[in-house]
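2 protein chains.
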Amino acid sequence: MQTPWEYRYAHRASKMGSSVIRELLKLTDQPDIISFAGGLPAPEVFPVKKFQEACNYVLENLGAKALQYGATEGYTPLREMIARHTGRYSVQVTADNIMITSGSQQALDFIGRLFLNRGDYIVVESPTYLGALQAWNAYGPQYISVPSDENGMVVDELEDALRIGPKFIYVLPNFQNPSGTTLSLERRKKLVEIADRYGVPIIEDDPYGQLRYDGDHLPSVVSLDSEYRNESNGQYSGNVIYMSTFSKLLAPGLRLAWVIAPPEVIRRLVMTKQAADLHTSTFNQIVAHEVAKGGFLDEHVKVIRATYKERRDVMLETMDEIWPSEVRWTRPEGGMFLWGILPEKMDAAELFKSAIEKKVAFVPGAAFHPTGGGHNTMRINFSYTDPDATREGITRLGLLLREEVFKDAKKKYLYD
Amino acid sequence: MQTPWEYRYAHRASKMGSSVIRELLKLTDQPDIISFAGGLPAPEVFPVKKFQEACNYVLENLGAKALQYGATEGYTPLREMIARHTGRYSVQVTADNIMITSGSQQALDFIGRLFLNRGDYIVVESPTYLGALQAWNAYGPQYISVPSDENGMVVDELEDALRIGPKFIYVLPNFQNPSGTTLSLERRKKLVEIADRYGVPIIEDDPYGQLRYDGDHLPSVVSLDSEYRNESNGQYSGNVIYMSTFSKLLAPGLRLAWVIAPPEVIRRLVMTKQAADLHTSTFNQIVAHEVAKGGFLDEHVKVIRATYKERRDVMLETMDEIWPSEVRWTRPEGGMFLWGILPEKMDAAELFKSAIEKKVAFVPGAAFHPTGGGHNTMRINFSYTDPDATREGITRLGLLLREEVFKDAKKKYLYD
Numbered sequence: 187m188q189t190p191w192e193y194r195y196a197h198r199a200s201k202m203g204s205s206v207i208r209e210l211l212k213l214t215d216q217p218d219i220i221s222f223a224g225g226l227p228a229p230e231v232f233p234v235k236k237f238q239e240a241c242n243y244v245l246e247n248l249g250a251k252a253l254q255y256g257a258t259e260g261y262t263p264l265r266e267m268i269a270r271h272t273g274r275y276s277v278q279v280t281a282d283n284i285m286i287t288s289g290s291q292q293a294l295d296f297i298g299r300l301f302l303n304r305g306d307y308i309v310v311e312s313p314t315y316l317g318a319l320q321a322w323n324a325y326g327p328q329y330i331s332v333p334s335d336e337n338g339m340v341v342d343e344l345e346d347a348l349r350i351g352p353k354f355i356y357v358l359p360n361f362q363n364p365s366g367t368t369l370s371l372e373r374r375k376k377l378v379e380i381a382d383r384y385g386v387p388i389i390e391d392d393p394y395g396q397l398r399y400d401g402d403h404l405p406s407v408v409s410l411d412s413e414y415r416n417e418s419n420g421q422y423s424g425n426v427i428y429m430s431t432f433s434k435l436l437a438p439g440l441r442l443a444w445v446i447a448p449p450e451v452i453r454r455l456v457m458t459k460q461a462a463d464l465h466t467s468t469f470n471q472i473v474a475h476e477v478a479k480g481g482f483l484d485e486h487v488k489v490i491r492a493t494y495k496e497r498r499d500v501m502l503e504t505m506d507e508i509w510p511s512e513v514r515w516t517r518p519e520g521g522m523f524l525w526g527i528l529p530e531k532m533d534a535a536e537l538f539k540s541a542i543e544k545k546v547a548f549v550p551g552a553a554f555h556p557t558g559g560g561h562n563t564m565r566i567n568f569s570y571t572d573p574d575a576t577r578e579g580i581t582r583l584g585l586l587l588r589e590e591v592f593k594d595a596k597k598k599y600l601y602d
Numbered sequence: 187m188q189t190p191w192e193y194r195y196a197h198r199a200s201k202m203g204s205s206v207i208r209e210l211l212k213l214t215d216q217p218d219i220i221s222f223a224g225g226l227p228a229p230e231v232f233p234v235k236k237f238q239e240a241c242n243y244v245l246e247n248l249g250a251k252a253l254q255y256g257a258t259e260g261y262t263p264l265r266e267m268i269a270r271h272t273g274r275y276s277v278q279v280t281a282d283n284i285m286i287t288s289g290s291q292q293a294l295d296f297i298g299r300l301f302l303n304r305g306d307y308i309v310v311e312s313p314t315y316l317g318a319l320q321a322w323n324a325y326g327p328q329y330i331s332v333p334s335d336e337n338g339m340v341v342d343e344l345e346d347a348l349r350i351g352p353k354f355i356y357v358l359p360n361f362q363n364p365s366g367t368t369l370s371l372e373r374r375k376k377l378v379e380i381a382d383r384y385g386v387p388i389i390e391d392d393p394y395g396q397l398r399y400d401g402d403h404l405p406s407v408v409s410l411d412s413e414y415r416n417e418s419n420g421q422y423s424g425n426v427i428y429m430s431t432f433s434k435l436l437a438p439g440l441r442l443a444w445v446i447a448p449p450e451v452i453r454r455l456v457m458t459k460q461a462a463d464l465h466t467s468t469f470n471q472i473v474a475h476e477v478a479k480g481g482f483l484d485e486h487v488k489v490i491r492a493t494y495k496e497r498r499d500v501m502l503e504t505m506d507e508i509w510p511s512e513v514r515w516t517r518p519e520g521g522m523f524l525w526g527i528l529p530e531k532m533d534a535a536e537l538f539k540s541a542i543e544k545k546v547a548f549v550p551g552a553a554f555h556p557t558g559g560g561h562n563t564m565r566i567n568f569s570y571t572d573p574d575a576t577r578e579g580i581t582r583l584g585l586l587l588r589e590e591v592f593k594d595a596k597k598k599y600l601y602d
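One line per chain: the protein sequences are A and B, in this order. All residue numbers for the first sequence refer to the working numbering, where the first residue is 187 and numbers rise by one. All residue numbers for the second sequence refer to the working numbering, where the first residue is 187 and numbers rise by one.
Calculated directly from the structure, the hints in this document are not laboratory data. There could be a bad hint or two in this list.
Each pair may be met inside one copy or between any two copies, as identical chains are not told apart.
Stated by the list, open to error - Mimicking SDA-like on lysine to any residue, the simulated pairs with C-alpha atoms at most 20 angstroms apart in a straight line are:
1) 201 x 491
2) 539 x 419
3) 201 x 504
4) 531 x 282
5) 479 x 489
6) 251 x 224
7) 593 x 243
8) 236 x 248
9) 201 x 306
10) 201 x 304
11) 479 x 263
12) 212 x 254
13) 251 x 238
14) 201 x 453
15) 251 x 215
16) 251 x 234
17) 495 x 507
18) 212 x 281
19) 235 x 255
20) 212 x 453
21) 544 x 335
Predicted model, so just to flag it, every value in this text is computed and none were measured.
Pulled out of the complex, with its shape left as it was, chain A reads as follows (with noise of 0.2 angstroms):
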């Protein structure tokens, strides 16, 4: 007889499923689609010459300690020169501050596992990150969105969202996935205050921190609430879980992130790791240790600076060549992002079906509303597609647009 799996899987399992951006890249996977859907970063930016050196040496003096079992919380040395790369940035951390996960989607299934009850309330800027959506909506939770602006999360609006009493708040300061935007520093400062005032925890998630090509660095939401409490014993004792990853400044094929948080949180974490896969890949982590020690990342990530810088510059510059007016767009000071906001009346996912005619592809951004909206949304990624394509492919783009758009005037005039 058949086994009635249908009728066997847990309560959670209804809440689970695939990811919307992962099937539209099935679709845009065809190499005659200029797609600017993906997240990836660009294949040319990664070190390989590098990363052969590192595997080469580790394999010739530590070969039996990185193809052995390690330890649930990570590499020491990886988790010490990260401490020590956050204390560049004004956190005073040890390695007890920090767990290495096996992606940052990892940690933040991790988050989700150690905090959310079904029914608990999450807090989340609009839009937000898919991947952290669906991450914790196996757990059950609810969203509470508050509306973003050029500058971020509107903070102003915040308290309102507190007073419900969520477990925590879900925060992308830099180049935000998938809008672009940068919380501004009295934003940051302000967040800080406010979440410490009720007791709420903040979740940093800062994939793109080191990316980027314009303005200046601002600091983290984690080093600005260690600076608001005062910390002077070397170790981080706050209201922050940031998380950080290599998969920008490395390569993602690693899987290696990492988190920061209070020592009492990390041990947690690295017992909920400890059950879900034992520890991240030894081998990873000490060839990415090898990698990076000597300063070698400060010099890559210039590198990568400068490849993205150029493809956002040459995607805005067409943009603003060839879009129509009334379709608007950020600007993004860094990151992988940019996020085009249609007229009220158009909907992104049906120029999506147009786009793809077109063999141009990005991504429709309802998915990024918890809450609803954001019908009239699209995430473009500037980062894997080189700068001749993307011109082409936003050339496209923008002739589709201004028909929709001319279109969309003429049912006006039509019905009016």
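Given the coordinates of chain A, assemble chain B onto it according to the supplied hints.
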């Protein structure tokens, strides 16, 4: 003010504890202790040179792919290779039956996440694998223990357990961790039949199947299930979720394992993994494929078998020679562990303390019994320690056991 973290955690966090073994390992991780407590492969058998060649080949020829994001279900050539390998053992499967995970621990966690509601019953062998209990405890299940003997789970007692209505049955048929016993062919067949009759899926955990040192290979439960169903379309769609790993054949530091299941279950597991960590390291998968293709693992596994067989033999010889007849132990035909059973009156946790003083360690067995019992049992690893140290450590343990058994006998005399 300080964040009240203690009041922020989810209910399930109270079910998460650090593994007893991992805590023990901290005690035993001193260079002068001969430890049979861990479950580590011998680093001497890691194919470091081969691995280095594969890294170089992959980075020179497939660098951009290996360092980029990859598919959640895993690297297709690796899944196809596993399908061919599985086919050799008489279960016809396709790549759609296979998902790659970051170690078997992750597969256990995903199975818990996909299937378990709080309070669900799981049938386990007694004793059973601690990592599975740790993975599942966060989901709040209840355990039903079926006793085991030298031929594995006493399947005759399974039917009563199935009438309780469990979500699934968990078995480790080959050289079980912790007991070292192997489920007999007759019992395997009966297990398949009874599970089918009650519609209860079987989770078959098989990390050591290839590590057989004596006797004949027995068909896996999944292959017997496929046979029982007379499947003929080349794809498995039965009642078993099977898992195995590269940790014991290649190296655990890579964190590479795989699940075989009906395609509809694989699709659900892929959604689970997408939310949990996107995918397993692309680089590690491509390198493992490069190492394994062309039959290398078939040759390499012979080296592993020879090494572990020698260690097991030295251990058993020393036990036969020195250990008192009041203590019993299993004689595993493969794997990495054997199981000691002390006289009922003795406590293995007490013995552990005395053993540490003699600079030798093992794992007291109580933790492997989720429904209680096993205070007089012990798990002893034979894969990690070299033959000389094994002889020395097992001798020390034997002398200690003689003392304890003698004390025990004296006590009886005093109070009788």
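Taking the hints in turn, this is what the structure says about them:
no. : hint      : in the structure
1   : 201 x 491 : neither (38 angstroms within a copy, 45 angstroms between copies)
2   : 539 x 419 : neither (56 angstroms within a copy, 37 angstroms between copies)
3   : 201 x 504 : neither (40 angstroms within a copy, 55 angstroms between copies)
4   : 531 x 282 : neither (52 angstroms within a copy, 42 angstroms between copies)
5   : 479 x 489 : within (17 angstroms within a copy, 36 angstroms between copies)
6   : 251 x 224 : between (36 angstroms within a copy, 15 angstroms between copies)
7   : 593 x 243 : neither (61 angstroms within a copy, 54 angstroms between copies)
8   : 236 x 248 : both (17 angstroms within a copy, 15 angstroms between copies)
9   : 201 x 306 : both (15 angstroms within a copy, 19 angstroms between copies)
10  : 201 x 304 : both (11 angstroms within a copy, 16 angstroms between copies)
11  : 479 x 263 : within (10 angstroms within a copy, 33 angstroms between copies)
12  : 212 x 254 : between (36 angstroms within a copy, 16 angstroms between copies)
13  : 251 x 238 : both (18 angstroms within a copy, 14 angstroms between copies)
14  : 201 x 453 : between (28 angstroms within a copy, 14 angstroms between copies)
15  : 251 x 215 : between (39 angstroms within a copy, 15 angstroms between copies)
16  : 251 x 234 : between (23 angstroms within a copy, 11 angstroms between copies)
17  : 495 x 507 : within (18 angstroms within a copy, 73 angstroms between copies)
18  : 212 x 281 : between (40 angstroms within a copy, 18 angstroms between copies)
19  : 235 x 255 : between (27 angstroms within a copy, 19 angstroms between copies)
20  : 212 x 453 : between (39 angstroms within a copy, 15 angstroms between copies)
21  : 544 x 335 : neither (31 angstroms within a copy, 67 angstroms between copies)
Checked against the numbered hints above, the structure violates hints 1, 2, 3, 4, 7 and 21; every other hint is satisfied.
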